[in-house]
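Asks: If you read the protein sequences in the order shown, they are chains P and E.
Just so it is clear: in the first sequence, position 20 is 20 by the working numbering, and no numbers are missing.
Just so it is clear: in the second sequence, position 86 is 86 by the working numbering, and no numbers are missing.
Careful: at least some of the hints might be erroneous.
[Claimed, not checked] Listed next, the in silico BS3-like pairs over lysine-lysine satisfying Cα-Cα at most 27 angstroms (straight line):
id, chain 1, residue 1, chain 2, residue 2
1, P, 108, P, 68
2, E, 57, E, 9
3, E, 9, E, 70
4, P, 42, P, 58
5, E, 57, E, 14
6, E, 83, E, 9
7, P, 115, P, 58
8, E, 14, P, 42
9, E, 57, E, 83
10, E, 71, E, 57
11, P, 68, P, 58
12, P, 115, P, 69
13, P, 49, E, 83
14, E, 83, E, 14
15, E, 57, E, 70
16, P, 111, E, 71
17, P, 49, P, 69
18, P, 108, E, 57
19, P, 49, E, 57
20, P, 42, E, 70
21, P, 108, P, 42
22, P, 42, P, 111
23, P, 68, P, 111
24, P, 42, E, 83
25, P, 42, E, 57
26, P, 108, E, 9
27, P, 108, E, 83
28, E, 9, E, 71
29, P, 42, E, 71
30, P, 42, E, 9
It is worth saying that the hints were derived from the structure and are not from the lab.
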Amino acid sequence: AQSVTQLDSHVSVSEGTPVLLRCNYSSSYSPSLFWYVQHPNKGLQLLLKYTSAATLVKGINGFEAEFKKSETSFHLTKPSAHMSDAAEYFCVVSDRYGGSQGNLIFGKGTKLSVKP
Amino acid sequence: DGGITQSPKYLFRKEGQNVTLSCEQNLNHDAMYWYRQDPGQGLRLIYYSQIVNDFQKGDIAEGYSVSREKKESFPLTVTSAQKNPTAFYLCASSMGRVNSPLHFGNGTRLTVT
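Start from the sequences and build out the full structure, keeping to the hints where you can.
Replies: Here's what the structure looks like:
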């Protein structure tokens with residue numbers, strides 16, 4: 001069975017410092033992994049996705065994530081936070097062979113605050 | 001511009017009334033989804049549809065109903081049987097393959113008093 005755990009419900013950083021949002025997953029098969037961002041009262045927007053190509057995935061707005069199979073992790077990073085990065089971030093797992101996309105599992109989200 | 005439109009953005013209803021949330025997409029996507037979002041709980045799947053005239057229950061389908069008569073449209077009805085309907089509802093669509101990312105609308109915030 002699939003599951004996804006976002007290890008921090010809230011992360012606070014200062015503008016210009018690095019961002020690390022942690023995600024661990026559990027999957028029976030070879031997973032696809034996604035990170036989405038949600039600004040207040042908006043829908044979710046795809047930041048990046050991993051589908052078994054390169055383990056280091058680059059996304060929009062300077063974010064990237066590294067797939068580490070041995071650690072079952074897919075942490076999201078950014079070298080330098082910007083005020084506009086303040087939002088909620090969701091890690092999502094999908095079994096490659098799970099068939100229906102009804103098998104997408106969302107983490108509970110990490111709220112990122114950025115201090116000036 | 002292609003995208004997903006949810007309407008209305010805010011909806012207020014009295015307890016005991018059914019209410020229908022609209023979701024329309026012009027992305028030519030086969031699959032559409034409804035999620036419910038509550039603070040601190042992430043997203044939970046209500047219903048999804050992979051083709052016209054077919055849909056499947058998600059994890060929390062009780063008290064909800066859907067239809068998929070057209071590819072572009074996937075309305076969600078919140079019935080009076082839903083015990084705790086106040087929430088933020090998100091509609092999404094995708095090409096329907098396992099690795100296809102979801103495209104989301106901007107949500108409808110439903111308040112039932």
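Asks: Residue 42 of chain P and residue 9 of chain E were given as a pair; does the straight-line alpha-carbon distance stay at or below 27 angstroms?
Replies: holds (10 angstroms)
Asks: Quick one, are residue 108 of chain P and residue 9 of chain E close enough, alpha carbons at most 27 angstroms?
Replies: holds (23 angstroms)
Asks: Checking one constraint from the list: CA of residue 9 of chain E to CA of residue 70 of chain E, max 27 angstroms. Satisfied?
Replies: holds (22 angstroms)
Asks: Is the hinted pair residue 49 of chain P and residue 57 of chain E satisfied, with a Cα-Cα distance of at most 27 angstroms?
Replies: holds (26 angstroms)
Asks: Would the hint linking residue 83 of chain E and residue 14 of chain E be met if the CA-CA limit is 27 angstroms?
Replies: Holds. Residue 83 of chain E to residue 14 of chain E sits at ~13 angstroms (cutoff 27 angstroms).
Asks: Are the Cα positions of residue 42 of chain P and residue 83 of chain E separated by 27 angstroms at most?
Replies: OK: residue 42 of chain P and residue 83 of chain E at ~25 angstroms, within 27 angstroms.
Asks: Given the hint that residue 115 of chain P pairs with residue 69 of chain P, does the C-alpha gap stay at or below 27 angstroms?
Replies: Distance of about 33 angstroms is beyond 27 angstroms: violated.
Asks: Need the status of pair residue 42 of chain P, residue 58 of chain P: alpha-carbon distance at most 27 angstroms?
Replies: Since the Cα atoms of residue 42 of chain P and residue 58 of chain P sit roughly 23 angstroms apart, the hinted pair holds (cutoff 27 angstroms).
Asks: Residue 68 of chain P and residue 58 of chain P: Cα distance at most 27 angstroms?
Replies: holds (15 angstroms)
Asks: Do the alpha carbons of residue 83 of chain E and residue 9 of chain E lie within 27 angstroms of each other, as the hint requires?
Replies: With Cα atoms ~22 angstroms apart, residue 83 of chain E and residue 9 of chain E stay inside 27 angstroms; holds.
Asks: Are residue 9 of chain E and residue 71 of chain E close enough, with their CA atoms no more than 27 angstroms apart?
Replies: With a Cα-Cα distance of about 22 angstroms, the restraint between residue 9 of chain E and residue 71 of chain E holds, given a limit of 27 angstroms.
Asks: Taken at face value, is the distance from the CA of residue 58 of chain P to the CA of residue 115 of chain P at most 27 angstroms?
Replies: holds (25 angstroms)
In summary, the numbered hints that this structure violates are 12, 13 and 16.
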